[in-house]
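Participant: The primary structure of each chain is shown beneath.
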Amino acid sequence: MAVIEAIATTYLEADAASVTFSSLGSYEHLQIRGGAHTDAAGAGYNAFHIRFNGDTAANYAFHYMRGYNGSNTAATAATGYSYIFCGLEPGPGGLSTAYGTAIIDILDYRNTNKNTTMIGLTESVSSSDYLSFFSVLWDDTAAVTSILLYSPSSASFVADTTMTLYGLNSAN
Amino acid sequence: MAAAFTVINHTELSGSAASVSIASIPSSYDHLLLKVSARSDQSAHRDTLNCTVNGDTGTNYSRTHLFTGTSSPSSYRNSGGNKWHDFMELIGASAQAGTFSVGTLWLPNYAGTTGYKQGFASSATTQNSNTDYQWGLQNVALLWSSTAAINQLTFDQQTGPNFVQYSTFTLYGVTA
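Going down the list, the protein sequences come from chains A and B.
Going left to right, the first sequence walks through residues -3 to 168 as our numbering numbers them.
Going left to right, the second sequence walks through residues 4 to 179 as our numbering numbers them.
So that you can see chain B by itself, here it is in the shape it has in the complex (with noise of 0.2 Å):
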């Protein structure tokens, strides 16, 4: 019987770095699997993550936001962007010492070419502060306008410009 789950990558840094890239993905499995635990080195309390697919810097990339950082969630919706931007929480330096925002990205039959790519993260920054904007939850909904299999993701920061050391990001195939 075939594992379940397969590491495909992981990735702890050992400094700051301004980008992590995970290629040659195989397109053996049928989902994907991304657990992030990460920092942003940006002097605020929080940045966002990025993601661009297949190095592709085109205005492919749509998303559809459930989020809060006060007592009101809220939705919002961005399309035509040239990357996944703010699909996840990061916390930034400003934040409290040795907090690293969590999160999980699924990216179901990854491998097909026949449709569009979607997607479903879920991540938060926490830290000791209930302040306005200072936390933060959010679930996105992802699409890529592309038929193209995936095999290769690229994490950035909304501003950063760096991550920090320690980051984490554990990239799992998922055979069903």
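Chain A extracted, bound-state conformation (with noise of 0.2 Å):
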């Protein structure tokens, strides 16, 4: 058993809504590792968003601070809702070849003692640039069973999106 393993890669070969991993294994923490661009008409960007389990409730909390077009810095923390906002990711109208990178971690995403948490870096380099560093509340103690990944706003992550799940062991 390798400490840190594969649990599953989608690599899109047509557009497609969503991304979802259910079968999570037994790990301690979570990471994902992507690249991602949106079919959003007309947008040089497009947001990323996550759901655990299904949940479309207002059970989410997420605080982000991040750069934008060259030369600029903000925060923002946000709560009640029904979904996370997981920085941006580059659309048809900036560079179609631009995959914005992603890396997220879910620590401790089985004890069921614990509200989910999450960590995460983002970013959208295309016809604007956007780098996000974000971290995340699922205000619920179960267990993540599953995971969705999609692009809001009735768009689709286009062919060549990438998403790779990674379990992390906390013994060898």
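Be a bit skeptical, because a hint or two may be false.
Quick list of in silico lysine to aspartate or glutamate cross-link-like pairs, EDC-like style, CA-CA up to 20 Å [as the list claims (entries may be wrong)]: (1) A:Lys110 with B:Glu15; (2) A:Lys110 with A:Asp136; (3) A:Lys110 with A:Asp135; (4) A:Lys110 with A:Asp51; (5) A:Lys110 with B:Asp44.
Here are some of the chain B residues that sit facing chain A, going by a computed Cβ distance under 7 Å [what the hints assert, rightly or not]: (6) Ser97; (7) Gly101; (8) Asn133.
Everything labelled a hint here was simulated from the structure, so no lab data went into it.
Glycine included, each C-beta is placed from N, C-alpha and C at the ideal position.
Put the complex together from the two separate chains, hints included.
Facilitator: Here it is, written out as structure tokens:
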């Protein structure tokens, strides 16, 4: 057994509205690494969202700081959302070959004594640039059993978008 | 082929503890990676995490922070510390129950004996609140002004006095 294992990789050969990981195994921590591009009409970018366990209620809070458009910085705190905002991904209004990068950690995702929290870094460099460092609370102590990643506003991830889910063990 | 990642230590607290120390860290890896999910019993929304290397309490620690707990990110620097104070976010007892801060620490070339040791930590205090300073995000660059190989890491709180039950610390050795 390796300490870090690739649980699943989704490589899109055609556009798809979402990517779902539903067999998460029995690890200590999870990590998502990916690159995504959206087909949101006319946009240089679109948001990148996640939900856990199919929960569409207002159980998510997120906090992020961001750098964008060359010289701007800002930060935002948001509560009572029905999804996780994970920053932006490039869209068709910018570079068609730009795939924004995401690295996201979900710690102790099976520990039912804890609400699930995660931390991540995403970027979109296209017609406009956007770097987001964020954290998330899912206000639920249930073990995470599925992860839905999607591009909102009736958009899809385009072909060549890739998402890999890793499991990190806490024993050799 | 050697495994790229090896678990050196995993600690999940069965009760509160003033500190967590990981000793006898082998020098056989290239880098160290730490994952933390922890909470303080300080009666505030936010505490912070400290780290002492090899038991060194001399004024050999420096750090540079990119931080926010409001709508305006900021940066600040500290040098001459006797440990890496505030190097990670740590949620406190006044915050939402059952919620733990998350953090990652990288210590590249920790076993080298030529250069000073540098590290990088990113962490967050996150809860169901958008009130200033009840949440926090920070990236921190770290310097320990010593050429000694790192063989021990000790974690405590800036205020505390304890980590609470279910706090976890997982240290990985990373082979290049």
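Participant: Each hint should be assessed against the structure and marked as holding or not.
Facilitator: Checked hints:
| no. | hint | verdict |
| --- | --- | --- |
| 1 | A:Lys110 with B:Glu15 | 13 Å, holds |
| 2 | A:Lys110 with A:Asp136 | 8 Å, holds |
| 3 | A:Lys110 with A:Asp135 | 9 Å, holds |
| 4 | A:Lys110 with A:Asp51 | 17 Å, holds |
| 5 | A:Lys110 with B:Asp44 | 15 Å, holds |
| 6 | Ser97 | 15 Å, violated |
| 7 | Gly101 | 5 Å, holds |
| 8 | Asn133 | 4 Å, holds |
In summary, the one numbered hint that this structure violates is 6.
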